[in-house]
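Q: Given next are the chains, with one letter for each unit.
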Amino acid sequence: MLETDFCGLKMKNPTVLASGVMGCNAALLKRVAREGAGAVTMKSIGPKEKEGHKNPTVLEWEHGLINAVGLPTAGYKNAEKEFKELEKCKSPVIASIYGSSIEEFTEVAEGIIGFEPAMIEINISCPNTKREGQIFGTSPEVAAEVVKAVAEVCGKIPIMPKLTPQANNIAAVAAACEQAGANAICAINTLGPGMVIDADARKPVLANKFGGVSGPAIKPIALRCVYQIYEAVSVPILGLGGISNGRDAIEMAMAGATAIGVGSATFYRGIEAFKLISDEMKTWMKEQGVKSIKEIVGAAHD
Amino acid sequence: MSELPQIVKITKVQRETGEHHTLFFNFKAEAAPGQFLMVWIPGVDEKPISLSKISKEELAITVQCKGSWSKRVCGFESGTKIGVRGPYGNGFSTEGVKKAIIVAGGCGSAPLMPLVEKCLVEGIETKFILGAQNAKKLLFKKELIEKLGDNLYITTDDGSEGTKGFTTQTLEELLGKEKPDCVYSCGPEIMMKGVLDICQKKKIKSQLSLERYMRCGFGVCGQCVMDDLMVCKDGPVFSGKTLSESAEFGKLTRLKSGKEVSLKEFGDWRQC
Ligand SMILES: Cc1cc2nc3c(=O)[nH]c(=O)nc-3n(C[C@H](O)[C@H](O)[C@H](O)COP(=O)(O)O)c2cc1C
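Line by line, the protein sequences give chains A and B. Our numbering puts the first sequence at residues 1 to 302. Our numbering puts the second sequence at residues 303 to 574.
Bear in mind the hints are in silico, worked out from the structure with no lab data behind them. Predicted model, so just to flag it, every value in this text is computed and none were measured. Fair warning: there could be bad hints in the mix.
Unchecked claim - In silico lysine-lysine, DSS-like type, Cα no more than 25 Å apart, as pairs: (1) B:Lys-401 / B:Lys-330; (2) A:Lys-209 / B:Lys-373; (3) B:Lys-495 / B:Lys-479; (4) A:Lys-30 / B:Lys-553.
Take the sequences, apply the hints, and build the full model.
A: And the structure:
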């Protein structure tokens, strides 16, 4: 009922662990897969070892999370052990990469293709990776440049740029990425940046002051982005942003997502979130007489 | 209700040893022994710190004036404001325990103090092994003497007080004579590895409190991972059984970057 083929990735259900959530090491990723995720995404890997920001880095505010972890990474040169251990993962593994220049993106991609991840997610949407103050994913031209360069080194491994809701025209960015060789589109990364100030402390709470907003608060924006992207491209979409329960996931599928990412929901529902969401999707589908999740992908479109 | 830090005023500062300070504050929370708070100094940093006192009226944390964050905290007086969120983690369990031995090394006695309190309230027969490098660093010695009398065993590396040697040697001696239902421990991981090995050999249950570099504190970011466990949420207290199956306990930890390193390489990473 929930079996999903996403770009050749065979998934038992459409839920995917979002990048940066519980994805620091192979053992925990494998546990997330055992706990029910249809696929898992590793935390974004960068060119060089990096510590990330000082704490506080991740907070829960009333309607979601806000984070400025600062893309800590052991660097692709230290990633071999995790990749090797992930060969035994029960669900397909998506690697996520970032860089601060086109050269760095291709360097990281080249550094990890030998490990044959099921797919490579290109993080062109993190507020921490910018060129001339602009996030790569805000401009269709720049996004396409990155995708084209990474596509050239990736051979048969499917690539999937991850887009930012900060783009003025996210559909145009997605279309440019498809043209440049993207096999799928992932949307959305965190929204914002936003900020939390504590009145009593008279200070911003995140050490980085600003951070990306995720969780229930961003669901309407994520749905709108995926809806627009669906109309602009023909490659499959991994939709995420604020998906917390089965009904949210169904709505995300109706907006046009074939696979459905889950990140912040693990705060509210624990590592069991993937199984819970899948079960709730099945319950809804049974009630509605929907036999396969495929039937409803894009159903919200005219 | 959000989980953002709440600003609280320090109501009292108690000097324990020359380098350990206990800060009391009012924060309404249902907290269990072994749980921790994320403690934020606005504009400086945020760190996970175990609760060293738990009562209806107030909570306390004990810090060692070592790193730059902790030195800052050690300068705080009553009235200073700090941010706290939590409590997080699982805490120690005393279910089914009638007889306990508690092993503390260095600043490891901090999270074990509320456990002592709980054991006494529940009528659990409790022995406590307190170890430190030297007499000056024996944290909570006075309080433990008051609470436990002869059931407190002191060891120092240099022999300046109590038995010269390590806590693990005293534990082995005690276990030669008696069989507790559970051994609880907190301290340097190398010491706890020794405690675990002794308990496994003697087939005695144990619960050990671990530390890894943390960020979120609530089981989302995955930074504090050990094997497939998140220390902040699945722990910080783990059973001896779990740890005896661990590939990383006593051997590996992770830097802020997520890079895996040996405990040795990490040096003395445990900051109270
Ligand atoms: C703590 C945290 C860390 C994240 N780290 C990354 C990352 O390294 N790379 C990335 O592409 N996205 C990262 N994200 C964004 C998520 O993958 C996801 O796109 C976003 O949180 C929206 O989904 P959600 O509402 O389900 O969390 C992170 C999100 C959170 C909450």
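Q: Can you give the numbers of the hints that this structure goes against, from lowest to highest?
A: Result: hint 1 breaks, nothing else.
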